[in-house]
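2 protein chains.
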Amino acid sequence: MTYSYVSHLYCPKCNNTYNVVEKNQLCSCGSPLLVSYNMEEMKKVFYPELLREREPNLWRYHEMLPVQSIENVVSMGEGMTPMVLMSSLGEDMDIPNLYMKDEGLIPTGSFKSRGAAVGVSKAKEVGVEELAMPTNGNAGAAWSLYSARARIKSTIVMPTDAPEITRKECVAAGANLYLVDGLIGDAGKIVAQAVKDYDLFDASTLKEPYRIEGKKTMGLEIAEQFGWELPDVILYPTGGGVGLIGIFKALQELKELGWINGEKMPRLVAVQSDGCAPIVKAWQEGKTNAEPWQDASTIAFGINVSKAIGDFLILDAIRQTDGCAISVSDEMLLDELRTISTKEGTFVCPEGAAAFVAARKLRESKWIKQDERVVVLNTGAGIKYPNTVEVDAPILQPKDRIVKDYVK
Amino acid sequence: MTYSYVSHLYCPKCNNTYNVVEKNQLCSCGSPLLVSYNMEEMKKVFYPELLREREPNLWRYHEMLPVQSIENVVSMGEGMTPMVLMSSLGEDMDIPNLYMKDEGLIPTGSFKSRGAAVGVSKAKEVGVEELAMPTNGNAGAAWSLYSARARIKSTIVMPTDAPEITRKECVAAGANLYLVDGLIGDAGKIVAQAVKDYDLFDASTLKEPYRIEGKKTMGLEIAEQFGWELPDVILYPTGGGVGLIGIFKALQELKELGWINGEKMPRLVAVQSDGCAPIVKAWQEGKTNAEPWQDASTIAFGINVSKAIGDFLILDAIRQTDGCAISVSDEMLLDELRTISTKEGTFVCPEGAAAFVAARKLRESKWIKQDERVVVLNTGAGIKYPNTVEVDAPILQPKDRIVKDYVK
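So the sequence lines, in the order shown, correspond to chains X and L. When we follow the numbering used here, the leftmost residue of the first sequence carries the number 1, and every step to the right adds one. When we follow the numbering used here, the leftmost residue of the second sequence carries the number 1, and every step to the right adds one.
Among the hints, a few may not be true.
One copy or any two copies: either way a pair holds, since identical chains are not told apart in the list.
[Stated by the list, open to error] With a Cα cut of at most 25 angstroms, we get these calculated DSS-like pairs of lysine-lysine:
1) K366 to K23
2) K13 to K153
3) K399 to K281
4) K13 to K23
5) K399 to K196
6) K399 to K189
7) K43 to K255
8) K307 to K399
9) K399 to K44
10) K207 to K399
11) K43 to K281
12) K366 to K307
13) K23 to K153
14) K366 to K264
15) K23 to K399
16) K343 to K399
17) K361 to K281
18) K287 to K207
19) K43 to K343
Don't read these hints as lab results, they were simulated from the structure.
Build the full structure now, drawing on both the sequences and the hints.
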């Protein structure tokens, strides 16, 4: 039985092709490479009913993933995260069919584990022994931990402002961790130099072709969880944008397989922060590429990316699905984060909260209709971001008694 | 269709019975109450093949859970956590079939969510509007967040030494949080007083009968994940011990249903810390109840429980399954925690690490045989315990270059 129907890599800019057995990075033209599958062969043997017999993790879609031998799969059980109906919040927003796909319930506590699981597995398959990457925190945590499991050495460079827990995860993994007094772009330059100096595999966003295949599984799961009847809108907090590109790729492939109705694609929404909104600006100006954002700053650190290497793919996905790009303020997302936890009991990450604010705003502007089914990606666990909550609780002594105002 | 085959509550000490429609706490004799089901009726309609059609969360076992109406289910998608083969660690321990059930991949990041999901759902069903509980952190986080989702008010009292993130989760949920300069026993006394003073529902461990049913689902999932062929040994970090009692109850019920071979029950192991080992002491001394442990102290804070109200049930479960109780040192568990993350890429909680140390020790003493299938419960996500990892990483400036010793 064929485990994967992967065929080759291709360049979406110059159409050059590459094989999937050697270590490949960017195309010689400088563009990211995408993975192609032999869909005609896959169609003959792969159908939705097969999935019912499989474990609830992302490897259930192995025919559509690039790892060719099951022996190379590096897994900690990632995927099939819950699709949670948010009734109270939805009522508050006037979106009765509001859902959260909760990517906090995954190894390392963020959606980055999807890209890491598939990316590291394929790196192992093509013989990578040592990799390096810049990160805003969560990707470094995920890639260093999956690399540890795969016996691949890792060098991680992250801004000093990245969530503190993520540097601890890198250390726990035994990675070579460096902090940089700057932004992820600065970390990227340091990694690029180290890659040259020490002949490392460059695992930077979209500089290796396979993490997008891992992120793609979010789209596959959304489709499966809705019984292959797609929702109307999907909102995604966008930094490097690989998740959005991946979801779009998933939907296109499902259409090609004939599993979904291709006439009614969900509208994809790229959500950014007012303090770092290069994609929003490019979209508003009708451009195909984004300009680097100056003095980028937001509490939603995961989307603090001034320049995304896949900007043209993000903008294309939004346009092709009649989606949009929208930014929100840090103040609003912090308010929303608390509204979500008190109304729904779900403690989301700042990036996820930003996407919920976007849903609220788009409903207010009527871009989202009342009867539409709306999915928000919460890209990580709130517990990785303790600084979003201030605690001011009374301290009692053992003989004390709770005496007053205990009910708020 | 009958959603639940729950029948009544019974006292394992005096055999008194209670109904499942009113608010019940302890038996009038002071013992915890257990939930009974109409197994004969359940058998007629509930069989393993049904599960394949159901979503991967703990409500797939709703016939065996106490919530009678699906409308009362308060869920964030909890359950069906991964069963991860730990090959490298297993090789290191000479236990080739070593598995981790990873309870970090669940809402609120700890196995406490199982008890909270079922306990809060049933509380909602019987009309609870306000509850209170003492906690070592994670249970308070879980119960306050699930209560928020259920529109139930909560009052949580936890030691000041409890993991800091858990107090933030309580605040995020909008709970009334109090810290106590003492141990969980002191928090328990304050809660008991508040329950009297303000007529609250007491959600303390085993003082309400339903959380054990939620914890029971760990046992159901283990059995299902092994294809109803049970593993040989299950190790469980034991504080209040509800998980162990629940797993034992699950196995008994599955035996009654005829889904498993009742002749070959897994040996259950209660793992404690050298600094707080009342169950281990009682087991060694052949007692049926445990004495309160003096000056309890361990870094594995979740198992820092001097006196468990269900001690007699824990000791009974260990004896009936030919299991054992064992304690480990804080030093060893911290070493093991790092061994686990570097070898397997899994970042576990201190309590989970303690249970892995116990597996190692029991293999060394030959209590665990080489060919046995061993399951360790990792009861929470490592990211909730940042203090287990020290970071000492170089800080670079944007123009810097990684120059030396980047490979460890």
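Looking at the structure, which of the earlier hints fail to hold? 1, 2, 3, 9, 11, 12, 15, 16, 19
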